[in-house]
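Chains A and B supply the protein sequences, listed in that same order. Residue numbers for the first sequence, in the working numbering: 1 to 198. Residue numbers for the second sequence, in the working numbering: 1001 to 1198.
Please keep in mind that the hints were generated in silico from the structure rather than gathered at the bench. We put the CB at the ideal spot given by N, CA and C, even for glycine. Treat the hints loosely; a few may be bogus.
Label-pair distances were calculated between CB atoms; the ranges are [claimed, not checked]: (1) ASP1197(B) / PRO142(A): 39 to 49 Å; (2) LEU24(A) / GLU1134(B): 57 to 67 Å; (3) VAL1045(B) / GLU150(A): 52 to 62 Å; (4) ALA128(A) / VAL1168(B): 31 to 41 Å; (5) GLU1098(B) / ASN9(A): 18 to 28 Å; (6) GLY151(A) / VAL1168(B): 25 to 35 Å; (7) GLU89(A) / ALA1021(B): 35 to 45 Å; (8) PRO1131(B) / ASP106(A): 25 to 35 Å; (9) PRO1175(B) / GLU150(A): 41 to 51 Å; (10) ASN9(A) / ARG1147(B): 43 to 53 Å; (11) PRO35(A) / ASP1109(B): 54 to 64 Å.
Below, a sample of chain B positions facing chain A; criterion: calculated Cβ distance under 8 Å [stated by the list, open to error]: (12) LEU1061; (13) SER1076; (14) GLY1077; (15) MET1078; (16) ARG1085; (17) GLY1088; (18) ALA1102; (19) ASP1109; (20) TYR1111; (21) PHE1166.
There are 2 protein chains.
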Amino acid sequence: MRFVLATHNTHKVAEFDQILASALPGVSVLGYDGPEPVESGVSFVENAFIKARVAAEHTGLPSLADDSGLCVNVLSGMPGIFSSRWSGEGATDSRNVELLLAQLADVPDEYRAAQFRCVIAVVIPATASSPARELSVEGVWPGHIARAPEGTNGFGYDPIFVPEGFDVSAASLNPEEKNDLSHRARAIRELAKVLADD
Amino acid sequence: MRFVLATHNTHKVAEFDQILASALPGVSVLGYDGPEPVESGVSFVENAFIKARVAAEHTGLPSLADDSGLCVNVLSGMPGIFSSRWSGEGATDSRNVELLLAQLADVPDEYRAAQFRCVIAVVIPATASSPARELSVEGVWPGHIARAPEGTNGFGYDPIFVPEGFDVSAASLNPEEKNDLSHRARAIRELAKVLADD
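Can you make the complete structure from the sequences, with help from the hints?
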């Protein structure tokens, strides 16, 4: 089965394809260059379905979309759905990281807990033999926010996210290690389980 | 009774003095130029007490401190305690406003509810006739976040906060009107009630 992944981010397509294909032989994940809707939802689940539905409608193929973000406890779960645009107009990974570190500058170590969260929405168009279906899964990667960026692998907030059980940032892990541990990896494996049980 | 207000912000001293003195004849509010501690608390209440305790210790006088902020529902109550430093290092009112508007750019009108919140902590040192006392009160001003700044009165997030019952921003109200409606006004009146019942 082929899934379209509703993102223009090639990092994500590679990550999904690598994990999903290894868990479920015969499944592959394709990139998508169709329209990207405004993510006007107010939760990961809403935004993921907004994107997956547009891709399914545009391509006619089973479509996946994830909405992921960093949830910092002392920020009541923010940046959350605002992770990629946290620093506003023209946001970049490094500006987002810099802003978050500055916001948390006075926050003591014991209050720096955070989680990467990933929700994957699946939209499967109706076929001659089966009705349309929608489902979603979630993956959570616990850790805390460092005092300064570290490491050059990864993207987004990886340089300041120290996963539980480590004393280095997610950007210091090698890609294989991260692909095994990450919130997206956890969500994709959960998805593989659900699809396998189908 | 004279209270020291633990802030270097002269706007706030004037606001407290005006409201508290008019509600409680004989009470006045003094400015403070002593040490300002790091606000390392993770709630308005904690930060207010951190500041009031330092001022009481430094001056030996009954001391007040407020911790106030803008709580946006779709941001799970943030900027909250981070309101004044929302845009990070070198934050200014206009940068904070600009960042918040950019973060909420895709958020539809029905999800733009927000409240200004103000907690006032009171620390009264022990005297010969009475032991030390601590208490706190809270004031809440409901409204929503506008699409663009408006008005030139006020400070902080006033230009983008539209109070419930109005269709203009808090920065468009005249100072008397705002002093009557604001979160700080509500908290200060609550404080006056508590002090009057003493």
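How the hints compare with the structure:
no.	hint	in the structure
1	ASP1197(B) / PRO142(A): 39 to 49 Å	holds, 47 Å
2	LEU24(A) / GLU1134(B): 57 to 67 Å	holds, 60 Å
3	VAL1045(B) / GLU150(A): 52 to 62 Å	violated, 34 Å
4	ALA128(A) / VAL1168(B): 31 to 41 Å	violated, 58 Å
5	GLU1098(B) / ASN9(A): 18 to 28 Å	holds, 26 Å
6	GLY151(A) / VAL1168(B): 25 to 35 Å	violated, 48 Å
7	GLU89(A) / ALA1021(B): 35 to 45 Å	holds, 43 Å
8	PRO1131(B) / ASP106(A): 25 to 35 Å	holds, 32 Å
9	PRO1175(B) / GLU150(A): 41 to 51 Å	holds, 48 Å
10	ASN9(A) / ARG1147(B): 43 to 53 Å	violated, 28 Å
11	PRO35(A) / ASP1109(B): 54 to 64 Å	violated, 23 Å
12	LEU1061	violated, 26 Å
13	SER1076	holds, 4 Å
14	GLY1077	holds, 5 Å
15	MET1078	holds, 5 Å
16	ARG1085	holds, 6 Å
17	GLY1088	holds, 3 Å
18	ALA1102	holds, 3 Å
19	ASP1109	violated, 11 Å
20	TYR1111	holds, 5 Å
21	PHE1166	violated, 24 Å
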